[in-house]
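This is what each chain is made of:
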Amino acid sequence: MASGCLLLCWLLMAWPLAAAERAVVGSLDSVGSETLAGLMLRWGEQLERDYPGVRLQLQASGSATAPAALAAGTSRLGPMSRRMSAAEREAIESRQGHPPLEIPVALDALAVFVHRHHPLEALSLAQLDAIFSDTRRCGAAQPLDRWQDVAGSKQQGSIMRHGRNSVSGTHGVFKRQALCGGDFRLDVNEHTGSAAAVAAVAGAPGAIGYAGAGYLTAGVRAVALENAAGEAVAPSAEAVLNGDYPLSRSLYLYVNLPPGERLPPAEEAFIALVLSDAGQALVEESGFIALPEALRRAARAQLGLGEG
Amino acid sequence: MRRVRGEGPWAWLAAGSVALSLLLLVALLALLAGRGLAHFWPGELVQIELDDGSRFAARPGREERSAEGVERLYHTGNREWLGTPWRWVEVARIVEQRRPAELVIVERRRWGDFIGRVAGLEEDGVALDIDDEAARWTALDERLGRLARLREARDALRQQEVMPRVRALAAEQDVASRARLEDELAAANAEVLALQARMARDRVVLESVEGERLALPLEEVLALQRPNAMSLPAKLGAWGERAWRFLSEGPRAANTAGGVWPAIFGTVLLVLLMSLLVAPFGVLAAIYLNEIAHQGRLTRLVRISVRNLAGVPSIVYGVFGLGVFVYGIGGSLDEWFFSEQLPSPTFGTGGLLWASLTLALLTLPVVIVATEEGLARIPDHQREGALALGATRLETLRRVVVPMALPAMLTGMILAVARAAGEVAPLMLVGVAKLAPQVPVDGEFPFLHLERKFMHLGYHIFDVGFHSGDVEAALPLVYATALLLVMVILVLNLTAIFLRHHLKARHGALPR
Amino acid sequence: MTDHAASLRQRLRFIRDRLATALISACGIGVIGAVLAIGVFLAVEVAPLFVAPEVREQSTDGAPLPALASLPTDSLSAAGEQQQWQADGRELVVFQRTSSGLELAGRVEAVPPSRRITALAALQGGRALLIGDDGGGVQRWVTLADQDLPVPAGHYQALGSAPIRQLIALPDRQALALNEANQLGLYQAISGLRWQGQAPSGEALGWDDQGDLWWGTAEAASRLEIDAEHAEVSWRSVWLPQHYEGHAAPQQRWQTSVSDSRDEPRYGLAPLAWGTLKAAAYALLVAIPLALGAAVHTACFMSAGLRTRIKPTLELMEALPGVVLGFIAGLVLAPWVERHLPGVLALLLVLPLGMLSGGALWACCSARWRQRLPLSWAGLWLMPWLALLAALALWLSPSLERWWFDGDMRSWLALQLGLDYASRNAMIVGLAMGLAVMPTIYALAEDALSGVPKSLAEGAAAMGATRWQALWKVVLPAASPGIFAALMIGAGRAVGETMIVLMATGNTAVMTASPFDGLRSLSANIAIELPEAALGGTHYRLLFLSALLLFVFTFCVNTLAEVVRGRLRRRYQRLGGPT
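Residue numbers (the numbering used here), protein chains in the order written: chain B, 984 to 1291; chain S, 29 to 540; chain W, -10 to 568.
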């Protein structure tokens, strides 16, 4: 009984004060991707050092939550690890009267890892599909079960496959881009985190796995992939930037900004930081690939921000 | 000599089972304790020369044997130049291995550890002319001390001057007072920035063994050690300090470094809330079942069901919590009271309140069963005596039955707390977060934010071990966290065992 | 006056008592009700999955016909993702879509000799084709990436016997079939015919902008309400192998597509149930011998003083959190076992032999040593002996691997036994979860054994039986129901354990019995997927169904155990033992 009353009291107490107004100097709300959560936190940390009165409130439950929050106007910043779909964009436009601004903030490559002693140098996308998929929609004739069947491989023994679980964006991007939309084999180990997948590859000489390129550790080696032109490309920042590496994606920050208006000061400071050299240094520290200067300049122009 | 009649092979297998179980338990605890505590030890640094003439400095780690020979893992730090802070080296390739006393390991705010030498100090961009090694260290220590004081002042300013004004500004409507607040805020901000500018005065020039140079602002330095030059007491001191920082600080660098304070806080708060919820309800239900309800077939059935619920998998409770508390009750609360915030949910998403309710439900059977056991141990003549003296049922309960069953209730509560502290699976569905930048308690009204997500020691183990960027770096942290969690739970359980023992001794003496 | 006050006080006391009793009762009943409501709630959430789909005509009360997107007019051709299909008598003509246009890929006989194709429709996604014939038969064909021609993926229950006139593809891989007798049938790609009834008068007109189908004539049209939210789920589709798109044969699969709605979700619960039982079985394989052995030794052989120390210690193991065991199993044990596989397998042999040889050595020792190291303390003094043997076995394991398995045991396993070694496998789970379940079984079994009245064993000993004979012939049979209950409760715990399975396996939904293959359990699957599943969707409800299955299973097993234990307790009371 007593605790029932207490519970009620807490409920009453716990009502957050209604956000009386949105134009608070120094309070930033962001709702969106989990992939970008660490990076957003690092940017927020940096921003708080530069502007002591600013606080970043971060909710990171997945990319799909960003469009909903932008449409409702509960946040002005929506980080997403994939591009917003047309339907999501329309939903925002119908509620807000204008589409959100799309600002690329970082690039990411998906890398295929093998054990550090594994002699394999390069794989074609068809071979990759034949290793990971049992529908082989990218055109391989035979499934690959053993390393001796992989052309150009000196390794022997059966192939052990590691990857992410189906709820992750990495899984989705790999399925779309490397398996041509086909099915994963049932014996691809589905790890709950990229680091766990890479650690599993590092523990077994016959293993292969995929994860973001930033998860490279000393125990594994990234395999070069053949692109459409037939050349083997390692997942380096340059290869991703000039489009040679076949498995890559952009990470975005969506901003709710009516055309012709300026952003509130806190948001503006945040985006200026993100697009600055200091902000992009944090991108590299987090294991992603920094944006080229041209893209950053275009984004700044889009927002009406000055240089630097 | 007469041959002893043997007990046969089975007896030995049975004895061996006990030995093996104990062995496993000891091995497990030793592994956790060894690895968890070793994490804070300032291990020595080595400088290594390979057969190709290249050199590097690192902290040696584990070894692995493979077809290629024995390899050793080295923690080299310096991630910005080397790409990864780890390196596998074939032991056969090592030509020379030295332990220069001047090697330092610097824990930095960014890019992880640096391993190398201190080449000099800079003040306002001007190199200080100190040649003597010892004098340089004294200067460095002095400057680090100054920085710590400045940092403290800065944080205090932020907490006491800036943040209250930001909050006031958020609530203030009046234009005039807004302008005044904004002015004050600008002044406070300027003060903080001035402090930060003073903090940026000193830089330490670092040089890696490979020859890379780096002028690192001293404020980026979190800790700086010369383990090879440290004496044993100094090492012990450093060990204690790091262990304390692990317990008292928040995680850094996307959970791969720093401490676990928010997770400890979240775990304790969660368990406290859960106890507040489960204690009265569990005890009342047990009293009802044992003292008030008619002891018939139905009650027996209910009793069996409640016992069985203790065996229902915790994930099922998590599913129930998600469906009923989060989506059901939380969703309705949002619709009624927080509709202006929708679709961004307030209570309609996992949070502290729902997590503690779910755990309360999960541990309810434990408390009911333990309390009932205690109630059943009380001899009937105690109750009958009280009733015969004219006490009402309530008075009998309050004066006779409940006091006698108190240790049992306490035991039940402690067991419930121990179980709840170790449960992770249901929390993953109802509100644990990998990183909650704000703890659920702060200076903002209503002080306790039940709708917020929280961090948890158990989930921290899972998250850091499996989701962080660098498993090698995270493993020692995970060991330390796991050790902490196991210690907490073991202590709770030992208390429960002690109480139960006490209870048995007390009631064993009662005349039946 | 005082009398009056006293009686008033008396009545107040009485009322207070009544009130408090009522409150306690209300609270108690409420709490117990709430706890018991778990099962009911889960069932309620799951129930909509099995509601039969329905197609209804929604009267529009003469509202004007909205602008409609028209249906394909030619029912004898259909366009897929990469293929175009054309019906020609009983043959299906297949065209491949290439960069230069359509290219004939081949012809295939699709219906029995006496029939001919009367309708075609490509299902959502364009990787499957529905074929209707003039006998009312409806079947599905799926395309394969490496073959030009589609392959048949099963006949559905026929819609009457009249020729199929039209097939209309709907979202969620459903389709409406209309035959010449004006019967309407709702088909789902996996679960087949889900509803049939009389079609409204008129014909299908087209889609409105809400995605609803309109039916009738231009003058009198109505909206068709298709109530088939979870039509892809039936008992058969969840438990039996299904022929999914892109595959040549029916399979058991659990592959949900959370990220992309274009993909066909595969909702086969069988691999998950299999994984759950497999993990539990391997865990029990480890836990039962250990727990029963330890229980027998503690209850019957151990000295009383030692017992009061050892029993709580072993029971304390139960408190080790699953997340810690899972972390050690997944990140420490699994890589370690992978490197020391021969050594670990040798341990399975060495440890029991070590226990026996310990016994044999003991029997050969002098009486003084036997007194110093009595059997009642063997649980302790065997520890260093076993540790020594284990260390020896591990130290020898690289040499073993070189002598017997050509230097690499895993490739030897693959070549000789056809077993692939997955690093996160059932053996690892068995070891870790066995350790988690062992204390539960041990505690209950030990209680059962030590609860057997002493008089029984003493009687046997008086007749000249050894302690082991007394145990085997007298005590064990008496305690067997209790031991059974202990095993049941242990099994319940093993089935529901989440974090260990989640962290120690690769969560691969395969159905093999090999200890070196991975698995995916119901509970781990819930923990992974439920946070991302859309509220109220099929995926969400199927995860609730998994939770319900776990609930029902553990509840039944525990009830059984509880009933057996209750009987046992009464039997002991009759035998005059302690309660």
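Calculated directly from the structure, the hints in this document are not laboratory data.
Please note: incorrect hints may appear among the correct ones.
Listed next, the stretches of chain B that the computed footprint assigns to chain S, with coverage defined by at least 3 CB atoms under 8 Å from CB atoms of chain S [claimed, not checked]: (1) 1027 to 1038; (2) 1165 to 1178; (3) 1216 to 1222.
We put the CB at the ideal spot given by N, CA and C, even for glycine.
Structure-based check of each hint:
1. Coverage of the region 1027 to 1038 of chain B by chain S holds in this model, with 6 residues showing a Cβ closer than 8 Å to a Cβ of that chain against a need of three.
2. Judged by the Cβ-Cβ criterion of 8 Å, the region 1165 to 1178 of chain B is covered by chain S as claimed, because 5 of its residues qualify and three suffice.
3. Figure legend: the region 1216 to 1222 of chain B, annotated as covered by chain S; annotation inconsistent (0 residues with Cβ-Cβ distances under 8 Å, at least 3 required).
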